[in-house]
Amino acid sequence: MFFKPKLARLPDEQLMQEIRQGREAAFTELYARYSTSLLRYFTRMLWNNRALAEDMFHDLFLKIIHNSQQFDTNRKFSTWVYSVAHNMCKNEYRKRQNQRLDGIEVKQAHDLDRALDLLFAYDKLTVLLETLEETDKTIFLLRYEEELSISQISQVVFMPEGTVKSRLFYLRKHLAMELNEYKVVLKEKTR
Amino acid sequence: MNTHEWKEYEDFEKLLTEKSYSELTMHELRLVSQFVSSQQEYENMRLSGLEMKKWFRDNPITNKGDESLLKLKQAFRQQQPAVNYSLPKVWIGYAMVALLFGFGGWWLGKSEPAVPLTRVEKILMHDTVYLTSKPDTIFRERIIYKDRPIVLSTGNRQPEAPNTKGVSMKEKEELDKLLVSGSD
Numbered sequence: 000m001f002f003k004p005k006l007a008r009l010p011d012e013q014l015m016q017e018i019r020q021g022r023e024a025a026f027t028e029l030y031a032r033y034s035t036s037l038l039r040y041f042t043r044m045l046w047n048n049r050a051l052a053e054d055m056f057h058d059l060f061l062k063i064i065h066n067s068q069q070f071d072t073n074r075k076f077s078t079w080v081y082s083v084a085h086n087m088c089k090n091e092y093r094k095r096q097n098q099r100l101d102g103i104e105v106k107q108a109h110d111l112d113r114a115l116d117l118l119f120a121y122d123k124l125t126v127l128l129e130t131l132e133e134t135d136k137t138i139f140l141l142r143y144e145e146e147l148s149i150s151q152i153s154q155v156v157f158m159p160e161g162t163v164k165s166r167l168f169y170l171r172k173h174l175a176m177e178l179n180e181y182k183v184v185l186k187e188k189t190r
Numbered sequence: 000m001n002t003h004e005w006k007e008y009e010d011f012e013k014l015l016t017e018k019s020y021s022e023l024t025m026h027e028l029r030l031v032s033q034f035v036s037s038q039q040e041y042e043n044m045r046l047s048g049l050e051m052k053k054w055f056r057d058n059p060i061t062n063k064g065d066e067s068l069l070k071l072k073q074a075f076r077q078q079q080p081a082v083n084y085s086l087p088k089v090w091i092g093y094a095m096v097a098l099l100f101g102f103g104g105w106w107l108g109k110s111e112p113a114v115p116l117t118r119v120e121k122i123l124m125h126d127t128v129y130l131t132s133k134p135d136t137i138f139r140e141r142i143i144y145k146d147r148p149i150v151l152s153t154g155n156r157q158p159e160a161p162n163t164k165g166v167s168m169k170e171k172e173e174l175d176k177l178l179v180s181g182s183d
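Sequence lines, in order, name chains A and B. Just so we're aligned: 190 in numbering that gives the first Met the number 0 is position 191 of the first sequence, and the numbers increase by one with no gaps anywhere. Just so we're aligned: 108 in numbering that gives the first Met the number 0 is position 109 of the second sequence, and the numbers increase by one with no gaps anywhere.
Hints are computed from structural coordinates only; laboratory data are not their basis. We treat Cβ as the ideally placed atom computed from N, Cα and C, and that holds for glycine. Worth double-checking, as some hints may not be accurate.
[Unchecked claim] Label pairs and their calculated CB-CB ranges:
| hint | chain 1 | residue 1 | chain 2 | residue 2 | range |
| --- | --- | --- | --- | --- | --- |
| 1 | A | Ala24 | B | Gln38 | 34 to 44 Å |
| 2 | B | Leu28 | A | Met158 | 29 to 39 Å |
| 3 | B | Leu107 | A | Asn66 | 23 to 33 Å |
| 4 | B | Gln73 | A | Asp122 | 19 to 29 Å |
| 5 | B | Gln38 | A | Gln68 | 47 to 57 Å |
[Stated by the list, open to error] Taking lysine-lysine pairs in the BS3-like style, the calculated list, with each CA pair at most 25 Å apart, reads:
| hint | chain 1 | residue 1 | chain 2 | residue 2 |
| --- | --- | --- | --- | --- |
| 6 | B | Lys169 | A | Lys172 |
| 7 | A | Lys62 | B | Lys70 |
| 8 | A | Lys172 | B | Lys53 |
| 9 | B | Lys72 | A | Lys5 |
| 10 | B | Lys6 | A | Lys172 |
| 11 | A | Lys136 | B | Lys70 |
| 12 | B | Lys52 | A | Lys136 |
| 13 | A | Lys182 | A | Lys172 |
| 14 | B | Lys13 | A | Lys136 |
| 15 | B | Lys72 | A | Lys62 |
| 16 | A | Lys123 | A | Lys172 |
| 17 | A | Lys172 | B | Lys52 |
| 18 | B | Lys18 | A | Lys182 |
| 19 | B | Lys53 | A | Lys182 |
| 20 | B | Lys145 | A | Lys123 |
| 21 | B | Lys6 | A | Lys5 |
| 22 | B | Lys145 | B | Lys169 |
| 23 | B | Lys6 | A | Lys75 |
| 24 | B | Lys169 | A | Lys123 |
| 25 | B | Lys53 | A | Lys62 |
| 26 | B | Lys72 | B | Lys6 |
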């Protein structure tokens, strides 16, 4: 057709259809829409390791290119792409049994002084995020940073919506408690 | 907490971001009380949420370069089949239609007799103006005389036809003249 619809106006699912037909501009548009959020998700999930996150991000877009035919256009693209990203992170977590933060094993940091050192070296929320279990971290980031709906998150992590909600609630409670404690400790340390 | 209560979790989340405890209505307080037991707990959750949002804003992760996109575009081109039939097919169709129209136009133009092109020059001509006058019309009166037989009476006059006209004075005068001239 001579008159193709403007790509910027098309929903993600239709862009995927255009990609299937070999339209490179559609791929560029989809990349522009998701590159920042997906790179951000990978970086936060993969212990702030930018190089690793970029590799994973590149692999994810290669998957979009190679598996575009397998994508079900009745499904929401954002849910699908985050599901793939989540599975990739899961594999990476499996590879590295112990979560590392630039060589420091967070799980070993039980004593308060060591925890405080970590808090001062990095920042409170980075450390809090690093201590979260992989699925919790995904749920937390997808909800509060990428702003996905509860139903989308439940599809990404293969969990009932109620479970996602309860996990989010306890994560927020935990976060509030940790930040409160941190403030108290910080006050005592600076005295 | 049972399943029913989790249905309102999203509303609770929304309240946490939008309202402080003192701003909550009675209905909202009832909802909040399903999740937190005190005002302090609510405010702690609210503040930590706001802090978390601020932290996300202050620690952005952006995609710096287009290097990755260039590599991906290359991969995209390689992924495509060597000849993409769908697009050329459409273009071949358009080309055929264009050719058909072109040929049709040429053929129609060819069947018409060739009209030689002549150059027409514009010449400015000045007309001569003649002033004419209409001659007057002259009417003339003309007396036409008619010959009329005259019957002279000899004595035995025949009774006059009842429809015969009498002699006018003028005629009588003329007759008299004739009689006079005849007597000479």
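Each hint tested on the structure:
Take Ala24(A) and Gln38(B): their Cβ atoms lie about 54 Å apart, and the range 34 to 44 Å is violated. With their beta carbons about 30 Å apart, Leu28(B) and Met158(A) fall inside the hinted range of 29 to 39 Å. Between Leu107(B) and Asn66(A) the beta carbon distance is about 54 Å. The supplied range of 23 to 33 Å is therefore violated. Separated by about 38 Å at the C-beta atoms, Gln73(B) and Asp122(A) break the suggested range of 19 to 29 Å.
At roughly 55 Å, the beta-carbon separation of Gln38(B) and Gln68(A) lies within the given 47 to 57 Å, and the hint holds. Proposed proximity of Lys169(B) and Lys172(A) is contradicted: the alpha carbons are some 156 Å apart, above 25 Å. Between the alpha carbons of Lys62(A) and Lys70(B) the distance comes to roughly 14 Å, so the proposed pair stays at or under 25 Å and holds. Annotation: proposed proximity of Lys172(A) to Lys53(B) holds, straight-line Cα distance about 18 Å (limit 25 Å).
As the CA atoms of Lys72(B) and Lys5(A) are separated by approximately 20 Å, the hinted pair is consistent with the 25 Å bound. With a C-alpha separation of about 18 Å, the suggested pair Lys6(B) and Lys172(A) falls inside the 25 Å cut-off, and the hint holds. Using a Cα cut-off of 25 Å, the hinted pair Lys136(A) and Lys70(B) is violated, with the two alpha carbons roughly 30 Å apart. Between Lys52(B) and Lys136(A), the direct Cα distance comes to roughly 15 Å. Compliance with the 25 Å bound is thereby established for this hinted pair.
As the CA atoms of Lys182(A) and Lys172(A) are separated by approximately 15 Å, the hinted pair is consistent with the 25 Å bound. Restraint check: the Cα-Cα separation between Lys13(B) and Lys136(A) comes to about 21 Å, which is no more than 25 Å; the hinted pair holds. With a CA separation close to 13 Å, the supplied pair Lys72(B) and Lys62(A) stays within the 25 Å bound. As the CA atoms of Lys123(A) and Lys172(A) are separated by approximately 15 Å, the hinted pair is consistent with the 25 Å bound.
In summary, the hint linking Lys172(A) to Lys52(B) is supported, as the alpha carbons are separated by about 15 Å, within the 25 Å threshold. Under the criterion of a C-alpha separation no larger than 25 Å, the hint pairing Lys18(B) with Lys182(A) is consistent with the structure, at around 23 Å. At most 25 Å may separate the alpha-carbon atoms for a hinted pair to count; Lys53(B) and Lys182(A) meet this at roughly 16 Å. About 152 Å separates the Cα atoms of Lys145(B) and Lys123(A), which puts this hinted pair outside 25 Å; it is violated.
In summary, the hint linking Lys6(B) to Lys5(A) is not supported, as the alpha carbons are separated by about 39 Å, beyond the 25 Å threshold. For the hint linking Lys145(B) to Lys169(B), the alpha-carbon distance of about 14 Å falls within 25 Å, and the restraint holds. Between the alpha carbons of Lys6(B) and Lys75(A) the distance comes to roughly 23 Å, so the proposed pair stays at or under 25 Å and holds. About 158 Å separates the Cα atoms of Lys169(B) and Lys123(A), which puts this hinted pair outside 25 Å; it is violated.
Between Lys53(B) and Lys62(A) the CA atoms are separated by roughly 33 Å; this puts the pair beyond 25 Å, and the hint is violated. Distance hint between Lys72(B) and Lys6(B) is unfulfilled; the C-alpha atoms sit about 44 Å from each other, more than 25 Å.
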